[in-house]
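Model the full assembly from the supplied sequences, consistent with the hints where possible.
Number of protein chains: 2
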Amino acid sequence: MSDLAREAADRDAGDELAPLRAAFDLDDGAVYLDGNSLGALPRAVAPRLAEVVRHEWGRLRIRSWDESGWWTAPERVGDRIGRLVGAAPGQVVVGDSTSVNLFKALVAAVRLAGPDRDELLVDATAFPTDGYVAASAARMTGRRVRPVEPAAMARACGPRTAALLVNHVDYRTGRLHDLPGVTSAAHAAGAYVVADLCHSAGALPIGLDEHGVDLAAGCTYKYLNGGPGSPAFLHIRRDLQPRFDSPLPGWNSHADPFGMEPAYRPADGAARGRVGTPDILSLLALDAALDVWDGVDLAALRAKSLALTDFFLRCAAAYAPDGRVTSLTPAAHAERGSQVSLRCPGAGAVMAELVRRGVVGDFRRPDVLRFGFAPLYCRFADAERAARILGEVLGDVPGST
Amino acid sequence: MSDLAREAADRDAGDELAPLRAAFDLDDGAVYLDGNSLGALPRAVAPRLAEVVRHEWGRLRIRSWDESGWWTAPERVGDRIGRLVGAAPGQVVVGDSTSVNLFKALVAAVRLAGPDRDELLVDATAFPTDGYVAASAARMTGRRVRPVEPAAMARACGPRTAALLVNHVDYRTGRLHDLPGVTSAAHAAGAYVVADLCHSAGALPIGLDEHGVDLAAGCTYKYLNGGPGSPAFLHIRRDLQPRFDSPLPGWNSHADPFGMEPAYRPADGAARGRVGTPDILSLLALDAALDVWDGVDLAALRAKSLALTDFFLRCAAAYAPDGRVTSLTPAAHAERGSQVSLRCPGAGAVMAELVRRGVVGDFRRPDVLRFGFAPLYCRFADAERAARILGEVLGDVPGST
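So the sequence lines, in the order shown, correspond to chains A and B.
If you're matching positions, the first sequence starts at 1 in the numbering used here and goes up one per residue.
If you're matching positions, the second sequence starts at 1001 in the numbering used here and goes up one per residue.
If you're looking for bench data, these hints aren't it; they were derived computationally from the structure.
Note that the structure is a prediction, hence the values are computed from the model and not measured.
Watch out, some of these pointers could steer you wrong.
[Claimed, not checked] Now the in silico label distances, taken between C-beta atoms and shown as ranges:
#1 B:Asp1294 x A:Asp10: 55 to 61 Å
#2 B:Asp1027 x A:Gly207: 47 to 53 Å
#3 B:Asp1256 x A:Asp322: 31 to 37 Å
#4 A:Ala331 x B:Asp1294: 56 to 62 Å
#5 B:Pro1262 x A:Arg63: 47 to 53 Å
#6 B:Pro1262 x A:Gly295: 38 to 44 Å
#7 B:Pro1089 x A:Ala30: 33 to 39 Å
#8 B:Leu1060 x A:Asp209: 35 to 41 Å
#9 B:Ala1334 x A:Pro47: 44 to 50 Å
[Unchecked claim] Far from chain A by the CB rule (all over 12 Å, computed), these chain B residues:
#10 Arg1011
#11 Phe1311
#12 Ser1327
[What the hints assert, rightly or not] Covered by chain A, per the in silico footprint, the following chain B stretches (three or more residues, Cβ under 8 Å):
#13 1043-1053
#14 1099-1108
#15 1226-1237
#16 1245-1257
#17 1381-1394
Ideal Cβ placement from N, Cα and C applies to all residues, glycine included.
This is the structure in structure tokens:
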């Protein structure tokens, strides 16, 4: 056993979050470092979903909208996510995809900002859908999009800025951006912030209330483990809710949905972010998946996440042949999410071989290896093994240099 | 046994679709006439969903996007629905809610129609979400909404009409509208048709290709039995696809989703209607639910549906005290969907009592009893029993007249 492997074993033995791994189906022994793309399966999901299908749908049928709490599940599950993103109850609703929620939030932000502000600042390095959706929101509200590097975002906003679409953690590099700083600069300029939390929700403390973030959206299938394509969430800061003017005013966000009124009258609260009938099977699978978070201290989660990524970077430096990989992920803790991205020539072939040898990360074109460290179930031993096998693969697979 | 009960037994014995009922979990013997709101549970769903959760998500994890066909499921399941709505493969995609799909379709229709057409005609009797979404689409594209009674729709469209949002079957009355006639009038006027198929998909033959319907959306949790809030579908006529300009351009409809290109370049085909990551658990539950449709002849389905609703109307006339209920559903077959709506003073209390006695329909304010007849699993005996118990309830519950 190498020194690093021994250190990993010691650290796992002392990890207060280690018992949570047993709540996930990881029985195949995989080194699963792709929870930043699709979270592992919490064991609670399958039995709960079977009960929802067989009893709530199969037997109670339509009565479940009331009796099983289906109708209010988007807000109830939203509050559970609220705790994980630092939002007090009543501000988060679950449903639709992240893209659709970003569209709602951006259009609503522009409308909040009023007619005199004609530009939307968009993180130039964001996940592409953010830019596509922002362009559509701008086109449909008569605004223009200005792409800005995240580091320049706070300085870039001014009297013409309606809203800033900011990424909390970069999907490609794992870089954590300064959401509190940008929010504060935006507010000083009279603009609104829309935060994309896809790569931070469930990965680190976010503090939406603490920092006064206006609007936010994020997915639930990465660090929140809701299942493939599970419904996304939308956060609407409480004091903005009465003026939240959705571009997607479906019957589910009506003040009296069963009144079937011909004119739209928006509901109070986070329900204003709803649109159509909620997707109950996926929503309740997510609900079950969230059980594992009960009692988890987000400070401990963050500490473990940073320790894991620190340790992985050390192991990679020790095991990888000189110069074959370069970290794209910042060394500074304040700038790091819960993933490590390594630039590596021939990354596609390297990742394919890693997967064949039981280490699952993913590859992002053109040359990035991504390794996500979900602190609920990743072990220090996983980090050591992944780096060790990466070193072996790099020795076996010729580099392009 | 009454004559009507005997007739019901004879008709069930001669019903070629009768064996399909065994594919549903209706073991509790309920008279379930609410399949126009939430379809009954097909037995294939629970085992398939368990496999998706435990094996595809739990074991294959991220590999399932390719290996289990998750990525292309929206189009594959879309084609299965295509057969049921009369659309050749490649024109239907599954995802999002009906409301969201109507928004995409309406904005796309307005853009297809060009800048000189400034009005959207909307069925004044449609399910409210249609009107809310149309108002938003109009607001965001600088058009205006004109509400029109369905019967006047064909005559109302003219040179300023960009699009017509038409309801195929009215959710309240069960009236079937003339979709082919309206489509043909719209096309003659140079306008586009967006059809809401929520209450016709899986209830009767629709013939989207035959009638050249431009765009359509509908839900899958009623007659298609996809489960509570299962993802909706969007139909984009093949020749319009290259010009379909979505207001919700998410990464899933990009020509090269994993290229992560900063500029949006729409995919070819029905995939252009996609937005964010598809909701796999609900989508594959729907996929399993659709198995029951394999080999079902839609002409036979329609014949049974009309026979069931005819028979229920006869039974209700025979059993209900004089003048206590009035049918809102047209007597003419050409104007009837697969539900019967009865106006009844005190309908709320009457339906509550019906449910207590094992007959499940639903109540729509202010005074409507709705009974849906899903031809895949409803029996003539159900129709007779429902009408008989309705007669008893009306005898026991004093009318407000």
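Outcome of the hint check:
1. B:Asp1294 x A:Asp10: 55 to 61 Å: holds, 57 Å
2. B:Asp1027 x A:Gly207: 47 to 53 Å: holds, 50 Å
3. B:Asp1256 x A:Asp322: 31 to 37 Å: Given a distance of about 34 Å, which is inside 31 to 37 Å, the answer is holds.
4. A:Ala331 x B:Asp1294: 56 to 62 Å: With Cβ atoms ~57 Å apart, the hint holds.
5. B:Pro1262 x A:Arg63: 47 to 53 Å: holds, 49 Å
6. B:Pro1262 x A:Gly295: 38 to 44 Å: 42 Å Cβ-Cβ, so the 38 to 44 Å window holds.
7. B:Pro1089 x A:Ala30: 33 to 39 Å: holds, 37 Å
8. B:Leu1060 x A:Asp209: 35 to 41 Å: Check passed, 38 Å falls within 35 to 41 Å.
9. B:Ala1334 x A:Pro47: 44 to 50 Å: holds, 49 Å
10. Arg1011: Correct as stated: the minimum Cβ-Cβ distance to chain A is 25 Å, above 12 Å.
11. Phe1311: Label holds. Min Cβ-Cβ 23 Å, cutoff 12 Å.
12. Ser1327: holds, 20 Å
13. 1043-1053: It holds: at least three residues are needed, and the region 1043-1053 of chain B offers 5 whose Cβ sits within less than 8 Å of chain A.
14. 1099-1108: It holds, with 4 qualifying residues against the three required.
15. 1226-1237: Held - the region 1226-1237 of chain B has 6 residues with a Cβ nearer than 8 Å to chain A, which meets the minimum of three.
16. 1245-1257: Since 8 is at least three, the answer is holds.
17. 1381-1394: violated (count 0)
Hint compliance for this structure: hint 17 is the single one not met.
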